[in-house]
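There are 2 protein chains.
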Amino acid sequence: MESERITIQQTALRLLDMNRVVILCHRSPDGDTLGSGYALCRALQSLGRQARVACSDPVPAKLTYLAAGVPEEDFPEEHVISVDIADEALFGSGLEPFRGRVELAIDHHAGHRCFAGELCLDSGSASACEIVYEILLAMGVPMTPEIASCLYTGTATDTGCFKYTNVTPHTHRVAAALIEAGCDFKTINKVMFDTKSMAVIGLERAALNGLSLYRNGAIAVITVTREMMAQGGLCEGDLDGIAALPRKIEGVEAGVTIKERSENEYKVSLRTSELLDASDICARFGGGGHARAAGCSFDCPPALFLDKLLAALNEALDSAAAEHPEELHMKKWSVS
Amino acid sequence: MESERITIQQTALRLLDMNRVVILCHRSPDGDTLGSGYALCRALQSLGRQARVACSDPVPAKLTYLAAGVPEEDFPEEHVISVDIADEALFGSGLEPFRGRVELAIDHHAGHRCFAGELCLDSGSASACEIVYEILLAMGVPMTPEIASCLYTGTATDTGCFKYTNVTPHTHRVAAALIEAGCDFKTINKVMFDTKSMAVIGLERAALNGLSLYRNGAIAVITVTREMMAQGGLCEGDLDGIAALPRKIEGVEAGVTIKERSENEYKVSLRTSELLDASDICARFGGGGHARAAGCSFDCPPALFLDKLLAALNEALDSAAAEHPEELHMKKWSVS
Chain A
1 MESERITIQQ TALRLLDMNR VVILCHRSPD GDTLGSGYAL CRALQSLGRQ ARVACSDPVP
61 AKLTYLAAGV PEEDFPEEHV ISVDIADEAL FGSGLEPFRG RVELAIDHHA GHRCFAGELC
121 LDSGSASACE IVYEILLAMG VPMTPEIASC LYTGTATDTG CFKYTNVTPH THRVAAALIE
181 AGCDFKTINK VMFDTKSMAV IGLERAALNG LSLYRNGAIA VITVTREMMA QGGLCEGDLD
241 GIAALPRKIE GVEAGVTIKE RSENEYKVSL RTSELLDASD ICARFGGGGH ARAAGCSFDC
301 PPALFLDKLL AALNEALDSA AAEHPEELHM KKWSVS
Chain B
1 MESERITIQQ TALRLLDMNR VVILCHRSPD GDTLGSGYAL CRALQSLGRQ ARVACSDPVP
61 AKLTYLAAGV PEEDFPEEHV ISVDIADEAL FGSGLEPFRG RVELAIDHHA GHRCFAGELC
121 LDSGSASACE IVYEILLAMG VPMTPEIASC LYTGTATDTG CFKYTNVTPH THRVAAALIE
181 AGCDFKTINK VMFDTKSMAV IGLERAALNG LSLYRNGAIA VITVTREMMA QGGLCEGDLD
241 GIAALPRKIE GVEAGVTIKE RSENEYKVSL RTSELLDASD ICARFGGGGH ARAAGCSFDC
301 PPALFLDKLL AALNEALDSA AAEHPEELHM KKWSVS
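Protein chains in written order, with this note's numbering: chain A, 1 to 336; chain B, 1 to 336.
If we strip away everything but chain A, and leave its shape as in the complex, we get:
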């Protein structure tokens, strides 16, 4: 289907007209979908409207502050909107009842597959929270410290704390405004980017022990098994940083993290340098995401999947090498 594209201003007007709103977040929720969802929920409630956030999976322990103090309202919903959801396939089982019922989607994924009546999409935005920030400004909602903390969370987590290539001047200006509005960026940064448990440190070490390098070190693959997680008493929510690990290794253009979720069910995170489109590659395996960070799933033996993924990565690296020979063969991340 096609969605009608609407602007920030139009989105603000739509929202100001709504009451009894359910805000959908994607499954395996992260800081951006929940930050956007709870910011919008708090904003609507501050205007006296009934609103609630709905997600197939529970809020990860690290992110529970996003929902702190938000009354869990039960009401017959009149409006269904979604935030940071690129595809109905990412609803998860808990949101099945809402399929085909979303009237407004707010998103920043370039590969968004339309499922809502109206769509406010800015694929140049590093996070959905940056878009929600503009919408709340247009709605005239007072920016409380709590709303600012929700929006800062997605702004920071979707950019690796302003480190990734998706950052724009707008990202930094939004962060400046959110800090001025009193967001607790010091604690958020400490928790999200600067704290590791000894268990996670141990798991990273175990994952690096099993590191495999391919194509002269341009492709790095690590695997996290359920056994490794059980040894450290860890759950999937504890592992959000690990996907960034293999791409950090000098010379790596494609970093692959394979996580075992259950028997023969695996989740893959792909992080790439400027030369490869991670979203394109994951789309071949039924997944998606962003240009530098995407994911997919598989349910066959890992070696079988890895063969196919390596073939796809090699092909993509061959094309990149043909187009940018100097980049791949000579540039070792020196700043020009």
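If you're looking for bench data, these hints aren't it; they were derived computationally from the structure. A few of these clues could be false.
Where chains are identical, the list cannot tell them apart; a pair therefore holds if satisfied intra-copy or between any two copies.
What the hints assert, rightly or not - Cut-off 16 Å, straight-line C-alpha distance, at most; resulting in silico cross-link-like pairs (EDC-like, lysine to aspartate or glutamate):
1) Lys308 / Glu274
2) Lys267 / Asp240
3) Lys62 / Asp30
4) Lys190 / Glu88
5) Lys267 / Asp238
6) Lys248 / Asp238
7) Lys190 / Glu250
8) Lys62 / Asp184
9) Lys308 / Asp17
10) Lys62 / Glu250
11) Lys190 / Glu323
12) Lys196 / Glu236
13) Lys190 / Glu274
Given chain A, work out where chain B should sit, using these hints.
Relative to the frame of chain A, chain B by itself:
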């Protein structure tokens, strides 16, 4: 001695009046002192003035882009200024000839010990580069991509890529302006914050193998020996990220990194949480720095020094516990 405090505007006027300028950077130079120095040097040269950067130690390999394309000018200096130098003790032996001769110091260290005739100090600024950015604006210097890359480097490196508690709205606004001016933030971030060699990964692992925890895990100490560095073929410039490692461990309030420089010569990096003033503690051992990141040196057996440091840290933690019992005993970095 006392320095005369002057404003950004006055500093700009002073600089516009100067020619044949030597710009001093502190020893063991980092992204902020060199970013400030080369930004200012490029700016003065763009105005047709003779200028050069002087530092006791060579520019680390990772930072050579700061100086790329800057002509090394030899001239009899008429003016000596310093950037990001908190104390003449940080000149290093190569800058001995300039002692007592600095007419203008530009700095952001709260513990600045005056040594220059005039001082442009903003201790609320996360980096010296943020101050130099304002000075260049006031001078009316066109912000080239090269100058912007110099200034972005210090802005990012002194804040752990906008992660540390010294970040202000101004920090983010300066970053936004520098990205708009064409700084190569994507490569800079990749090199500074998102790339590790296998040798550094191995050294971090070895350092963590020797991790010692004290006071119920509130103090973490790691040691990097010359042998560990030699094994990986690493030099001190490769290790700028390692000092952040021990404080990252959950529950740690004070992270200590001891680096062996030569026989019986050690450098200490102290990183603290909000509860402890790292600069105060390092000052007791003849060092200094910032509230959350400071350093000092010692030349006795490490166990002897560590005893004294642990005593100082325990004392500081006792005071913090008395003042903020809820922080130290109950708050496990949950976001309020």
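message = Checking an output row: Lys62 and Asp30, CA cutoff 16 Å. Within, between, both or neither?
response = within (10 Å within a copy, 33 Å between copies)
inquiry  = I want to check one pair: Lys196 and Glu236. Are their C-alpha atoms no more than 16 Å apart within a copy, between two copies, both, or neither?
reply    = Classified as within; 14 Å inside a copy, 25 Å across copies.
key: Status of Glu250 relative to Lys190 across identical chains (alpha carbons, at most 16 Å)   = Classified as between; 10 Å across copies, 25 Å inside a copy.
Homo-oligomer pair classification [Asp184, Lys62; C-alpha up to 16 Å] = within (14 Å within a copy, 33 Å between copies)
request  = Evaluate Lys190 and Glu88 at a C-alpha cut-off of 16 Å and name the case that applies: within, between, both or neither.
outcome  = Classified as neither: same-chain Cα gap 33 Å, cross-chain 33 Å, threshold 16 Å.
inquiry  = Treating 16 Å as the Cα threshold, decide for Lys267 and Asp240: within, between, both or neither.
reply    = Result: close within a single copy only, 12 Å intra versus 33 Å inter.
message = For Lys190 and Glu323, with the copy left unspecified, which applies at a CA distance of at most 16 Å: within, between, both, or neither?
response = Neither: 40 Å inside a chain and 21 Å across chains, both beyond 16 Å.
task = Have a look at Lys267 and Asp238 and pick one of within, between, both or neither, based on CA distance no larger than 16 Å.
result = within (15 Å within a copy, 34 Å between copies)
query = From the Cα coordinates, with 16 Å as the cut-off, is the pair Lys190 and Glu274 best called within, between, both, or neither?
reply = This pair counts as between: shortest inter-copy Cα distance 10 Å, intra-copy 28 Å.
key: Lys248 and Asp238: within-copy, between-copy, both or neither at 16 Å Cα   = Cα proximity of Lys248 and Asp238: across copies only (15 Å, versus 19 Å in one copy).
task = Using 16 Å as the alpha carbon limit, work out where Lys308 and Glu274 are close: within a copy, between copies, both or neither.
result = neither (22 Å within a copy, 48 Å between copies)
task = Tell me, please, which holds for Lys62 and Glu250 at an alpha-carbon limit of 16 Å: within, between, both or neither?
result = between (30 Å within a copy, 13 Å between copies)
In this structure, the hints that do not hold are numbers 1, 4, 9 and 11, in rising order.
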